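Visitor: Sequence:
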Amino acid sequence: MADFLDHTTADSLWKATCWWHGQQVNHIPPLLTTLGNLATSTTGIYAVLAEQFFPTTPPPILPAQPNDPPAKPPRPFHDITAEEVALNLAKTSNTSAPGQTGIGYKLLKWCHAANLACLTSLFNAAITLGHHPWRNAKVVPILKPNKTDYHVGKAYCPISLLECCGKLLEKIIAKQILLDANCFQLLPPSQFGSRDYHSIVDAAMCLTHSIQACVKTGHVSALILFDIQGFFDNLHVDRLVHLFSLLGFTPHLCAWVRSFLTDCHVTLTMNGESTPELVLNHGTPQGSPLSPILSSIYLFPLLRHMEQWKFHSLLTYVDDGAIFATGPTHKIATNCAATALHSMIEWLSHSGLGINLDKTEYISFQPPCATPQHVRYEQPSLSLGLPGSWVLSVHRANSVRYLGIFLQHNLCWDTHTKMVAAHG
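Take the sequence shown: its position 355, counted from the start at 1, is 368 in my numbering, and no numbers get skipped.
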């Protein structure tokens, strides 16, 4: 293994890595274009994937918006220490795929062991100057598991192979941001992803507890599950930097975040070829240690705004969301959830985001021994007029999957609770 690491290249190291939950493909088949034709050439396939992965014209949005929470007082951001660099380096793997330069974590460990001030001074200078030097990425298409058709661009996910030196700096900054988020309660508790002490299990248990509480009190609950479309690829830089400043981060860190997200040079590697370089000035790379916490910060004003709701709530886990509403009848609970969904979609549109209509699901839960009033107002479907000319119509499902947990509704409950929660 040591000889392999000493003589490996970026391409050979990546080929030695085998994933299933996101498996690299050696050959991408012809892909359907927006016109319904099959793109068979490398140029045509690249155009389909580039349109799916890299939206080049983000919609214009306002960095500051009326419903933004008040700004927090600025806090000092301490310098990176040699101990922090060593601690984060110790948790990296020598087999991680390097970026275009081929410099992996093994070489960085040698460098830091030989001179503790080298990487430490370099990282502190980058933050002080508000400049991120490592903005080149090699993007590899990854199969999304369990898709029925791999001739469409949305069946693939872009994974960015970034420079290890840049990822090390991003990892250190991400930990400092998470520390501030925990100490100063910067993020609302309804955001379960990309933070400490908030796991998938916590999100699922919180949701199931709310459903069971409604059942025990004799109320009907309605649940809408949705997915934010192209979340990482559509984060607006000016908006995100403004939100960073609202949370009290120093100006030079805000400038560094702006540099990290702008003027990014990416090449798409597929079928043994690399496409021409593309420059991106929006979105955050999938593969960066900083991307999860950036996404959480981007959504925190929405979750703060939704805390003012009555009889309904919003939970998110990165780009997966759940709107939960209650009421004395199916009709009231469903209308309450639909109103919340409409309000959330409007907020997302003002921030350059939207939901995936194909992945939107709706289910309701009623208490055992439901009264005739409950039955009379049953809602077999959800129909919602969205901003613009879209109309969302979703049939009520008997079971849904949320973060790997199946929630099942039995209309003939003979016990106090007949909701099933099982790992998928």
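Simulated from the structure, these hints should not be mistaken for laboratory data.
Only a predicted model underlies this, so the values are computations on that prediction, with no experimental measurement involved.
It is possible that some hints are incorrect.
As the list claims (entries may be wrong) - With a cut-off of at most 20 angstroms between alpha-carbon atoms, the simulated EDC-like pairs for lysine to aspartate or glutamate come out as follows:
1. K160 - D276
2. K85 - E320
3. K160 - D333
4. K184 - D162
5. K372 - D332
6. K372 - E286
7. K372 - D240
8. K188 - D209
9. K184 - E96
10. K122 - E96
11. K157 - D240
12. K167 - D215
13. K157 - D332
14. K167 - E320
15. K85 - D251
16. K344 - D371
17. K119 - D92
18. K160 - D332
19. K85 - D162
20. K167 - E64
21. K157 - E320
22. K104 - D209
23. K157 - D246
24. K167 - D193
25. K188 - D92
Unchecked claim - Pairwise CB distance ranges (calculated):
26. P381 - H408: 18 to 28 angstroms
27. P264 - P381: 49 to 59 angstroms
28. S362 - E320: 18 to 28 angstroms
29. C131 - V165: 39 to 49 angstroms
30. V165 - E320: 55 to 65 angstroms
31. K157 - K122: 45 to 55 angstroms
32. P79 - C196: 22 to 32 angstroms
33. N137 - T70: 29 to 39 angstroms
34. G417 - P89: 37 to 47 angstroms
35. A130 - S362: 30 to 40 angstroms
Virtual Cβ for every residue (Gly too), placed ideally from N, Cα, C.
Visitor: Checked against the structure, which of the hints given earlier come out wrong?
Guide: Those not satisfied are hints 1, 4, 6, 12, 14, 16, 17, 19, 21, 24, 30, 31, 35.
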